[in-house]
Amino acid sequence: MDQSPGRSPRMLAALSMTLVALWVLVAAFPFLWTLWGSFKVQADFFSMANWRNALWGTQTMAETGARFTGAGYYGAWVEQAFWRSALNTGIVVVFTVIISLTFGTLGGYALARSGHRYAFWLLMLALVFRAMPHITLVSGYLLPFFAWNLWGHLGTAVIVLVAINQPFTLWMLHSFFLNIPKDLDESAMVDGCTRMQAFRHVIVPVMWPGVITTGLFSFLLAYNDFTVTALLLSQHNQTMIPKIASFLGSTQVEGKVMYAVAAVVSATAPLFVLILFFQRQIVSGLTAGAVKG
Amino acid sequence: MKHRTFFWFILPSLSAMVLFIALPIVSVLIQSVFVAPSQVLVTTQSCGPFGCTETTTVDAAATAKAAEAHPLGRFNGLGTYLDRAHLATAEVAQAWHDSPTLGAFVRALMTLPFYSALAFTLTYTFAVTPVALLLGLAVALAVNALPRAIRGPTIFVSLLPMIVTPLIGSLILFWMIDARGIIGATLQWLLNDPGLSLKASPALTWLTLILYGIWQQAPFAFIVFYAGLQTVPHETLEAAMVDGASRWERVRYVVVPHLAPLIVFVALIELMDNFRVFEPIVGFSAEASATSLSYAIYSDLSGEVPRFGSAAATSILTVIGVAILLAPVLVRTWRDFNRKVV
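Order-wise, the sequence lines are chains S and B.
Letter 264 of the first sequence, counting from 1, is numbered 264 in our numbering, and no numbers are missing.
Letter 145 of the second sequence, counting from 1, is numbered 145 in our numbering, and no numbers are missing.
Note that these hints are calculated values from the structure, not bench results.
Take the hints with a grain of salt, since some may be wrong.
Computed footprint of chain B on chain S; a stretch qualifies when at least three of its residues, placed anywhere within it, have a C-beta under 8 angstroms from a C-beta of chain B [claimed, not checked]:
(1) 82-93
(2) 275-286
Each pair of labels, with its calculated beta carbon distance range [stated by the list, open to error]:
(3) S:Thr102 <-> B:Trp189: 52 to 58 angstroms
(4) S:Trp36 <-> B:Thr89: 52 to 58 angstroms
(5) B:Asp98 <-> S:Ala147: 40 to 46 angstroms
Partial list, computed: chain B residues near chain S (C-beta under 8 angstroms) [what the hints assert, rightly or not]:
(6) Phe9
(7) Pro12
(8) Val139
(9) Val157
(10) Arg180
(11) Met272
(12) Ser294
(13) Ala312
(14) Val319
(15) Ile324
(16) Leu326
(17) Pro328
(18) Leu330
As the structure is a computational prediction, the values presented were derived from the model and not from experiment.
No residue lacks a Cβ here, since even glycine has one placed at the ideal position from N, Cα and C.
Next up, chain S with everything else stripped away, as it sits in the complex:
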């Protein structure tokens, strides 16, 4: 497909260009629009009179005296205590990533090095588990968690997210460890290391690229989760995404919907930064399973 542009017909190049330009517009515009609108008042972002008001901030000018306003952000972060949800998300995400990677590296390494039949079956089982809708699992948790008083704590959400994340982590790390030559750790074992020592001294130093890629996806799962955190956490321990959903109930009041808009932009910003720095790892992670499988 890699031909010199001179040889490809003009029409086709123009068509490709149009398609890509359209797609870029469709993919990016909603985010830019919402980012821009989050600094306006509701009368501009949801403009009765003219959508261009959102561009120039006519009502924002009239209401606050400036073209941009941080009122939505102030309302969300300070008044509605969004900072607490952000903190909760931080705690949940950090622990979920660390624990899933620890469990996942050990398990993925074992699956990659065991030639036995049951290793294959475990991977198949993980695939089936991966397909389970999260909400069906949550409906299994609630009653026992109520009964044993586990409901509502951040720790519960962390361990549940770790478990839900395991199938994917195992698959990713398993295929990653398959790419590390077997001779590496086996020669260490010939030299007298136990399996654990070989893993620690030989495999751990070379595994970081795969672990970082997998970690990014664990991060995304925990950060983006709505199903588990919305139903398993108490009001006080709510993370960002359920908190945003709970803003929606109060959007009838003038101005409140801008809190939700500001909160949405705040929750998206870290993801934007993440793509900025880790685009290559994310792409390679997405394609790793596919290209080999």
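With chain S fixed as given, assemble chain B onto it according to the hints.
What follows is chain B alone, placed relative to chain S:
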């Protein structure tokens, strides 16, 4: 690797999965055959100067006592599965009997919550998946034909709709399609219909949700296919060119067959993800015109009084649906595996 070592290495991961994925499914199965203990109601009559009023209150102590005696409630067998909120066998039989035409039967079926949720889930899954795949493939081919400098930024932008959680993504679009939002207002202006609202009619709501799904799912297909395109063998393409294959024929007979395993992989992942569609319905506040199986479970669980039995029955029916979707893949993998061993 020795069995013993393998066991210790896999133990943390496996126990997490058994405890929090396998056991919950068992727990759901058990919950689904019980009905929650009904609340003990007390009716009191209070008479005043303006006549007597009857008030019904919940006797909390008696309810708690009943709950303690039977924490799971009353055994109900398959009752919950067959009731009106689920398979609704009686209602379906009735509708079949009463409906003169197939159309009328389908309309009657659509008034039952489970079947309308199933209909939306299936429509969504089988509308979004192919269109997202095709769009992803088209964008991948187009990007591949463009100069290298454009590729990085295009991928960067494409990752956004995919990586942002569905709830946030759907909210962002929901605000834009509001009658006072930019897309909603523009549509009203274009169609010259000031009363147009994308949220009002069920058909338009379904369409909105499906378009959202395509917007969210196409990037994954695009990125995987784009990576796959980098590995298309040059020699085959050149040979096809020498043989006089047109551009389209080269795509049809060389590129697509090369991508076939990737297409299967992406289709499988997207089928699984689309089948559990749920957050967009919350984000678009679309539950009045479109519910999915997952949404039905969510609304059972998040109500004032959670209906565990009902949620559990829907969960089991959903799991059966997933199993049907996955079965062809599992059977094929099993065959491949056996062939490798033998």
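Here is how each hint holds up against the structure:
Counting residues of the segment 82-93 of chain S whose beta-carbon sits less than 8 angstroms from any beta-carbon of chain B gives 0, not enough to reach three: the coverage restraint is violated. Under the rule that three or more residues need a Cβ within less than 8 angstroms of chain B, the assignment of the segment 275-286 of chain S holds, with 6 such residues. Separated by about 56 angstroms at the C-beta atoms, S:Thr102 and B:Trp189 satisfy the suggested range of 52 to 58 angstroms. The hint said 52 to 58 angstroms for the Cβ distance between S:Trp36 and B:Thr89, and at roughly 53 angstroms that hint holds.
The given range of 40 to 46 angstroms is respected by B:Asp98 and S:Ala147, whose C-beta atoms sit roughly 44 angstroms from each other. A hinted interface residue such as B:Phe9 counts as satisfied when its beta carbon comes closer than 8 angstroms to some beta carbon of chain S; here the least separation is about 3 angstroms, so the hint holds. Taking 8 angstroms as the C-beta cut-off, the interface hint given for B:Pro12 holds, the closest approach to chain S being about 4 angstroms. Checking B:Val139 against chain S: minimum C-beta separation of about 5 angstroms stays under 8 angstroms; hint holds.
Of the supplied interface hints, the one on B:Val157 holds, with its beta-carbon coming within about 5 angstroms of a beta-carbon of chain S, less than 8 angstroms. Interface restraint check: B:Arg180 against chain S, minimum CB-CB distance 4 angstroms, threshold 8 angstroms, status holds. With a cut of 8 angstroms, the hint placing B:Met272 at the interface with chain S holds, because the nearest CB-to-CB distance is about 5 angstroms. A distance limit of 8 angstroms between C-beta atoms decides the matter here; for B:Ser294 the minimum to chain S is near 5 angstroms, and the interface restraint holds.
Interface hint status for B:Ala312: upheld, as the beta-carbon distance to the closest one in chain S is roughly 6 angstroms, under 8 angstroms. The beta carbon of B:Val319 comes within 6 angstroms of a beta carbon in chain S, closer than 8 angstroms, and the hint placing it at the interface holds. Residue-level restraint check for B:Ile324 is violated (minimum Cβ-Cβ distance to chain S is 11 angstroms; threshold 8 angstroms). The interface hint given for B:Leu326 holds, since its Cβ lies 6 angstroms from the closest Cβ of chain S, which is under the 8 angstroms cut-off.
About 13 angstroms separates the beta-carbon of B:Pro328 from the nearest beta-carbon of chain S, more than 8 angstroms, and the hint is not met. Proximity of B:Leu330 to chain S holds as hinted, the smallest CB-CB distance being about 7 angstroms (cut-off 8 angstroms).
Of the numbered hints given earlier, the model fails hints 1, 15 and 17; all others are met.
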